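K.L.:
Chain by chain, the residues:
There are 2 protein chains.
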Amino acid sequence: MRFTSERRFDDGVLEREFTLGEIPGILWTPASSPTPASSPTPAPTPTPTPLILLGHPGGLRRMYPRLAARARRSAADGFAAVTVELPGSGDRPRLPALEQARADLHRTLKSGEPVGDEIIDALVLPLVEKAVPEWRDSLDAVLSLPGLGGPVGYSGGVISIGTRLAVVEPRISAAVLFAGSFVPRAMFEEARQVTIPLHVLLQWDDEGNDRQSSLDLFDAFGSKEKTLNANMGGHAGVPESAGDAAARFFTRHLR
Amino acid sequence: MRFTSERRFDDGVLEREFTLGEIPGILWTPASSPTPASSPTPAPTPTPTPLILLGHPGGLRRMYPRLAARARRSAADGFAAVTVELPGSGDRPRLPALEQARADLHRTLKSGEPVGDEIIDALVLPLVEKAVPEWRDSLDAVLSLPGLGGPVGYSGGVISIGTRLAVVEPRISAAVLFAGSFVPRAMFEEARQVTIPLHVLLQWDDEGNDRQSSLDLFDAFGSKEKTLNANMGGHAGVPESAGDAAARFFTRHLR
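Same order as they appear, the protein sequences are chains A and B.
So that you can map any letter, position 138 of the first sequence is 137 in numbering that gives the first Met the number 0, and since no number is skipped, the others follow by simple counting.
So that you can map any letter, position 108 of the second sequence is 107 in numbering that gives the first Met the number 0, and since no number is skipped, the others follow by simple counting.
Be careful, since some hints might not be right.
Dumping the calculated DSBU-like pairs for lysine-lysine here, alpha-carbon to alpha-carbon at most 35 angstroms [claimed, not checked]:
{"id": "1", "chain 1": "A", "residue 1": "Lys109", "chain 2": "B", "residue 2": "Lys223"}
{"id": "2", "chain 1": "A", "residue 1": "Lys129", "chain 2": "A", "residue 2": "Lys223"}
{"id": "3", "chain 1": "A", "residue 1": "Lys223", "chain 2": "B", "residue 2": "Lys223"}
{"id": "4", "chain 1": "B", "residue 1": "Lys109", "chain 2": "B", "residue 2": "Lys129"}
{"id": "5", "chain 1": "A", "residue 1": "Lys129", "chain 2": "A", "residue 2": "Lys109"}
{"id": "6", "chain 1": "A", "residue 1": "Lys223", "chain 2": "B", "residue 2": "Lys109"}
{"id": "7", "chain 1": "B", "residue 1": "Lys129", "chain 2": "B", "residue 2": "Lys223"}
Away from chain A, derived, C-beta distances all over 12 angstroms, residues of chain B [stated by the list, open to error]:
{"id": "8", "residue": "Glu5"}
{"id": "9", "residue": "Asp9"}
{"id": "10", "residue": "Gly20"}
{"id": "11", "residue": "Glu21"}
{"id": "12", "residue": "Thr48"}
{"id": "13", "residue": "Ser110"}
{"id": "14", "residue": "Leu142"}
{"id": "15", "residue": "Glu168"}
{"id": "16", "residue": "Pro183"}
Hints listed in this document are in silico derivations from the structure and should not be mistaken for laboratory results.
Note that the structure is predicted; figures quoted are calculated from it, not measured.
Here a beta-carbon is modelled for each residue, glycine too, at the ideal position from N, C-alpha and C.
Just chain A, with the same shape it has in the complex (with noise of 0.2 angstroms):
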């Protein structure tokens, strides 16, 4: 891990840029790690903060408004956030069979023709094979540094990667899903692997979302504790108050 450049904000998060390999990765970290508050004097030594993985679309020059936006929300409650480039996506080499795959859904959803499995899966399961090792390897990057050792939580991004997660990487222990892309029937069996705590949000009336699909694959998680947490404004629209519920969620469960 390579740090390549580092600002400091006004809240006095230190946002912190990075390869890994050559994966290219941004790293945010609160201004101190927080006491917690029943805790009546010092602690001996600092609690190790914790660390929120932070999904995306792909895209990283594209989604680092919103990136940061939510990183430096979670550092406000005492998280570290981190965040890697997807494979075939931003400055990474493209993957041709992406590419590919992308274009049939373009050209089918341009048609007007229902998307099918086969577009779902080409689009979808080479990018979960490939990029959840490499969050793992981030994770084992990160969690070396001073400091960060705390729970773990996954946030948002393609809900299949988290899904992925979600069952092999015992580190995480909550996760926040946007059910907002396609999802490969292969995932629904997985789905009821999973038993960590979930807060799942999805977008009521995003016309590009399968909303069915969203509710099966709420269904098939096999977590006891999980929550649906659906409101209108669109695919990018999520609404101030479902951002709060999901800060809430990472409090009660990664402190």
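Based on these hints, arrange chain B on the given structure of chain A.
P.N.:
Relative to chain A, chain B alone:
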């Protein structure tokens, strides 16, 4: 409106039982009307306390512990709360048609057959017709008391009563609805006429509830601002975090 008993809790909340004609009810008022936090100096006249109508499935005595807990929680947020007995429930005279519908329902549930529209209509529609004018009368009575006059919310209980109230009672400016009871087909059309902000609670694993009907009803509501908050825990197991989210909804909309 005639007060019949009065007691004050440790937290300063005043609980008063009353009758409105033949109808028993309970009113809870917070220790004092809070001064808005943004006000630099005390307001010249006290701000009227906002009021929440506490819905329930009928049977005030049986429901009292949960109603009192909800009311005291609301009082802590600066709200008064009032509830009245439903027609045909608790100490009020039985309604033979309603008793018949309840008997039909229990027999059908016991037989394992699906509950038909006729039973649901007989169970719910006359109750809505009778209860809604009574709740509006209660609102008249309570809002005429000194210090009470702020915005009004409706919370919980029979969702068809809440839906009708949201359509016909302009003083109600926000509602928390509990999607946990049978919904007559006629109510879906009324739901489209609802325009106030809604926060709908659904227990996802409520075995006695028709989940698809609840989702259809949520979809039908005409409100631009509506949230579905679905959780695990069975019919009566609404988690504390969902209660908190509902309380914050009222704080956002009744202040």
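K.L.:
Each of the hints needs a verdict: does it hold here or not?
P.N.:
Each hint tested on the structure:
no. : hint                  : in the structure
1   : Lys109(A) - Lys223(B) : 28 angstroms, holds
2   : Lys129(A) - Lys223(A) : 29 angstroms, holds
3   : Lys223(A) - Lys223(B) : 31 angstroms, holds
4   : Lys109(B) - Lys129(B) : 28 angstroms, holds
5   : Lys129(A) - Lys109(A) : 28 angstroms, holds
6   : Lys223(A) - Lys109(B) : 28 angstroms, holds
7   : Lys129(B) - Lys223(B) : 29 angstroms, holds
8   : Glu5                  : 37 angstroms, holds
9   : Asp9                  : 23 angstroms, holds
10  : Gly20                 : 39 angstroms, holds
11  : Glu21                 : 41 angstroms, holds
12  : Thr48                 : 23 angstroms, holds
13  : Ser110                : 27 angstroms, holds
14  : Leu142                : 27 angstroms, holds
15  : Glu168                : 23 angstroms, holds
16  : Pro183                : 23 angstroms, holds
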